[in-house]
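Novice: Each chain is listed here by its residues.
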Amino acid sequence: MGPFVFDSTTTILVSLALGFGFGFVLERAGFGDSRRLAAQFYLHDMTVLKVMFTAIVTAMVCVHFLWAVGLVDLSRVFINPTYLWPGIVGGLIMGVGFIVGGYCPGTSLVAAATLKLDGVFFVVGALLGVAVFGEAVPRFWDFFQTSGDLGRFTLADWLGLPTATVVFLVACMAVFMFWGAEQLERAFARPSREEEAAKDLEVVR
Amino acid sequence: MTPRPPWNPYVAGFALGLVLTTAFVVTGHGLGASGALSRVTTAAIDAVAPMHVNTNPYLAPMAGGDTDPFDSWVVWTVVGAILGGLASGWAGGRLKIETFRGPRITAQQRWMLALFGGAIMGFGARLARGCTSGQALSGGAMLSVGSWAFMLSVFIGGYALAYFVRKAWN
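In order, the protein sequences belong to chains A and B. Under the working numbering, the final residue of the first sequence carries the number 205; numbering is consecutive throughout. Under the working numbering, the final residue of the second sequence carries the number 170; numbering is consecutive throughout.
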């Protein structure tokens, strides 16, 4: 029954393999291109939302199913502890960095790996940002460590519903979001080159 | 070689979900990226000012005393992700030196925006204890309340500012 405890060499090999799959899929999704990532915020192209929520729902359903049939011990699986306020403020700051810089840390590494210079500059910037954070955080240590500290706290705990019900509800919500994303893409589609050329021609006439 | 089109987003998302599931079931944790960047800079600071690292409550657990900042799964996950991205880009004909930018800015302007945006992102990601990978994907799949609040905040931050930086992309 998972998860397993490995010695340090095996940990390195397993992490390398998982990371390889992670980077490979990010690149295949087209996430090595900042224009595609930024387009999410102009509603032209909702690929980011579709990939992200398909991945979340797939992993959510698979992990909880394996737990239900006794193949994984959820009590030994890391669930990100909730530090509500640092998470919300950090998330807002990240949203700004995302639309200004065009990547997030994982996608910028993939962009840099495929020789995209904007990806390289983003990675350098992110290194500076994390270094500045490390030097600055002692000044707001209490906010970082204690504000909104709820520990291991899931949506099921919060809503007072069985985990299986929450898994089902999140999956339904995702399907609704995919439907919405398809509608938005149609409504906000960037005109194709041919259409723009046709429009220019009309103006000339 | 003409670059091949990316995968269908739902197929890519399903594949990413399987990688994430494997991570949880085999290792007991999800994926990550920004944690590794933090360990790289902490190692650099530790090389020049080890006493400073020992007295900083954020850096000390990573590199204080004899602790090796690279002795963490996330460092190897990121090395793997770089190799995986490189392999996929090479196989898909996308391995090429270029700068992705909107049609109305120069490559130099794009580099400065990427550097600046990256710095903002790096700071925010550490404040939030993880980025899109370590918080949104991993914590989201495990239904953590904090990760869902974080995810919502990232989208709000991005949409709120998108109008003001539209020249960079459109």
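To be clear, the hints were calculated from the coordinates, so they are not data collected in a lab. All residues carry an ideal CB built from backbone N, CA and C; glycine is no exception. Treat the hints with care, as some may be off.
Claimed, not checked - If we take Cβ atoms under 7 Å as the criterion, some of the chain A residues that face chain B in the derived model are:
| id | residue |
| --- | --- |
| 1 | G19 |
| 2 | D33 |
| 3 | S34 |
| 4 | V51 |
| 5 | V69 |
| 6 | F78 |
| 7 | I99 |
| 8 | C104 |
| 9 | L127 |
Stated by the list, open to error - The calculated label-pair distances, taken between Cβ atoms and stated as ranges, are:
| id | chain 1 | residue 1 | chain 2 | residue 2 | range |
| --- | --- | --- | --- | --- | --- |
| 10 | B | N8 | A | M173 | 30 to 36 Å |
| 11 | A | F176 | B | H52 | 47 to 53 Å |
| 12 | A | A189 | B | I97 | 26 to 32 Å |
| 13 | B | H52 | A | L161 | 46 to 52 Å |
| 14 | A | M173 | B | N54 | 43 to 49 Å |
Novice: Does C104/A hold up as a contact with chain B if the rule is Cβ-Cβ below 7 Å?
Specialist: holds (4 Å)
Novice: Have a go at the D33/A hint: is there a Cβ in chain B nearer than 7 Å to its own Cβ?
Specialist: Holds, because the Cβ-Cβ distance from D33/A to chain B comes to roughly 5 Å (cut-off 7 Å).
Novice: If you check the beta carbons of H52/B and L161/A, does the distance land in 46 to 52 Å?
Specialist: This hint holds: roughly 48 Å between Cβ atoms.
Novice: Would the hint on V51/A stand, with a C-beta cut-off of 7 Å toward chain B?
Specialist: Status holds, d = 4 Å.
Novice: 30 to 36 Å was suggested as the range; check whether the CB atoms of N8/B and M173/A agree with it.
Specialist: violated (21 Å)
Novice: Could you say whether the range 47 to 53 Å given as a hint is met by the Cβ separation of F176/A and H52/B?
Specialist: holds (50 Å)
Novice: Less than 7 Å between beta-carbons is the criterion; does L127/A satisfy it with respect to chain B?
Specialist: With a closest approach of 5 Å, the L127/A hint holds.
Novice: Less than 7 Å between beta-carbons is the criterion; does G19/A satisfy it with respect to chain B?
Specialist: With Cβ-Cβ at 2 Å, under 7 Å, it holds.
Novice: Does 43 to 49 Å hold as the CB distance between M173/A and N54/B, or does it fail?
Specialist: holds (46 Å)
Novice: Would the hint on V69/A be counted as holding, given a Cβ-Cβ threshold of 7 Å to chain B?
Specialist: Violated. Min distance 12 Å.
Novice: Holds or violated: is the Cβ of F78/A closer than 7 Å to a Cβ in chain B?
Specialist: holds (4 Å)
Novice: Taking the least C-beta to C-beta distance, is I99/A closer than 7 Å to chain B?
Specialist: holds (5 Å)
Violation of the numbered hints given earlier is confined to hints 5 and 10; the remaining hints are satisfied by the structure.
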